[in-house]
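Kindly produce the complete structure, drawing on both the sequences and the hints.
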Amino acid sequence: MERETKLLFGGMIIAALGFFIPLYFGKIWLGLFIALATGVIFLGRLLSLSEEKFESKTAFRIVYGVVVVIVLFNAIAFARDYGMKDFQKDVLLEIRKTIETGITQVDVREKFMYVLGTYHQQNKDSIVDTFKELFQQHLGKDGVYVSDYDLSKAGKDSLVINPSSDDNVNHFYEIEEDEDEIRVFVVSEVALGEDLEYKNYDGQTGQFEMIFTLNKEGVNYEVLN
Amino acid sequence: MKFSIRRINEYLIVLLLLIVVPAGLYFIRGDMNFLSGNLQYLFNIRPSTIILRFNTLDAIAIFGGNSPSGYSITWETVSMYLNVVLYLMLGPYLLFQGYKKAAKNENRVKPWYWYIGGAICIGMLFIVPAEITRMYMFENTIEATDKSRTKDLMRIELAEVGFATAEYEILEDGVNESFKIQDLNLNDLKFKYSVKSGQSDTLIILSVSNPDFPDFEVKMEVRPYNKRLLTQRN
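For the protein sequence lines, the chains are A and B, in the order given. For the first sequence, the numbering used here assigns the number 1 to the initial residue and increments by one for each residue that follows. For the second sequence, the numbering used here assigns the number 226 to the initial residue and increments by one for each residue that follows.
Treat the hints with care, since some could be wrong.
[What the hints assert, rightly or not] From the structure, some residues in chain B lie toward chain A, with a derived Cβ separation under 8 Å: (1) Leu-313; (2) Pro-317; (3) Asp-377; (4) Lys-452.
Honestly, the hints are just simulated from the structure, not real lab data. Using N, Cα and C, we set each Cβ at its ideal position, and we do this for glycine too.
Written out as C-alpha cells, the structure is:
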C-alpha cells in the first residue's frame, strides 16, 4: 500500500475516533474540531509528500497557497460558528423574558394599580381587603397566585389555544395583614436570570424572577434575578 | 510550437467542472434540490452549520418550555464527519494520486479519479465566497437584532413611565396641565418622552421616541383608575 493511501486510511480512522467519541458524550464542537484538525494535518502531510512530484517550484507554491487559504477559511468558519453557537438561544431567551415581563406587568402590576386606585379613590380601610374584594379568584391555595392565563385555562377560555399547555411561569403570593401589604413572586421556568446560582422562590435555581409589592404607599416592581 | 489536444481537453474538462460543480452545489443547496432525502448533507462545505441548525431547534424548544434534544449520532451528525473526509482528505488524495499516475505515463493522461478529486477540490474552494457572504449576512442580522432590542427597550421603558404616571396621579393627584415626565423623578431614562392630555380627565397619552430611529414612535394611553390601565400603540 502506498504511503498516501496509508495516510488517508490513518487520517480517516483518527478523524472518526476524534469525532464520534466526543459526539457520543454530547461534545459535538470538540468532535468537529478534532476531525477538522486531523483533516488539516492530513493536507499538510500530503502536501509535503507531493513536493518532489511537482514539475516546478512555482506550481508547488501555488498549490501550497491554495491549501493555506482553504485551511484559513475553514478555521475562520469554525471559529465564527463556534462564537455564535448560543446566539439564537440567547436572542430567543431574551425575547421570552421580554414577553413574560410584559404579560406579568398586565397580569399583576396592572391589577395592583387598579386596587391602589380603588383604595385611594374610595377611601377603603385596607389595601389587602380591597384586593380580596376585587380579585379574590387570583388568590389560590397554599400561596399560589392564579394568573389570568390559568384562570382562562380553567374556564376553558377560547383565548387559550391548547388547554393542556403550560405558560411555564409560576406565580406565588404572600399577604402581610399587619403591614397591609401583598406581594406576588413570579418565577420563569424558561428565561434565565442574571445569577445562575440564585435560589428562586419556587425552589428552582438561576431562573428569571420578579416581585410585585402592593401597599398603600404604592406598587413596587423589582427584578430579583 | 506543438499543442497537445489531449492536454487541452483535460483543461476543458476542468473548466467544465468549474462551471458544473458550483452549479451542482447551488442546486443541491437551493430550491431545486434534486438529491433525495438528506443526501445533500454529504456535500455541505461548512459542517458546523449543522450544529448551528441543531442549536436553533434546541433554542426553539427551550423557548417553548420543552427540553432540548441535544446531539446524538444521526445521519446529519455522521454527514459532518463525511464532509471533513470528503473535502479535506479524499478530494486532495484523489487529485494527487491521479497526478502521480499521469506523471508515470508518457502522454500524461489523467485517470478518472483525477477529475473526481479535482471536482471535490473545486467544491472545497467554495468555502471562501460562502464565508465572505456569511460575514455580511451576520452583520445584517446583528444590526436587525440590535434594532429590535432597542424597540423592545423603548416599549418596556414606556410601560415603566406609564405605571409611574398612573401612580403619581393616584397618590398625589399630580397629573394636570403642567405635568412633565421629570415630575416622576425617574432616573436614567434612555429615551425622549412627551405628554398629551386625553379627551377625558383621567386619560394621559405618553409617547416615546428615539433620535436613532426617527421613524419609530410608540404611544401609550394611561387610564389610572381603569382596570385596563395601559394601552400601547405603535
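These are the hints, each one checked on the structure:
1. Leu-313: With a minimum Cβ separation of about 3 Å from chain A (threshold 8 Å), the hint on Leu-313 of chain B holds.
2. Pro-317: Since the shortest Cβ distance to chain A is 6 Å, the answer is holds.
3. Asp-377: 5 Å, holds
4. Lys-452: 5 Å, holds
Violated hints for the displayed structure: none, as all numbered hints are satisfied.
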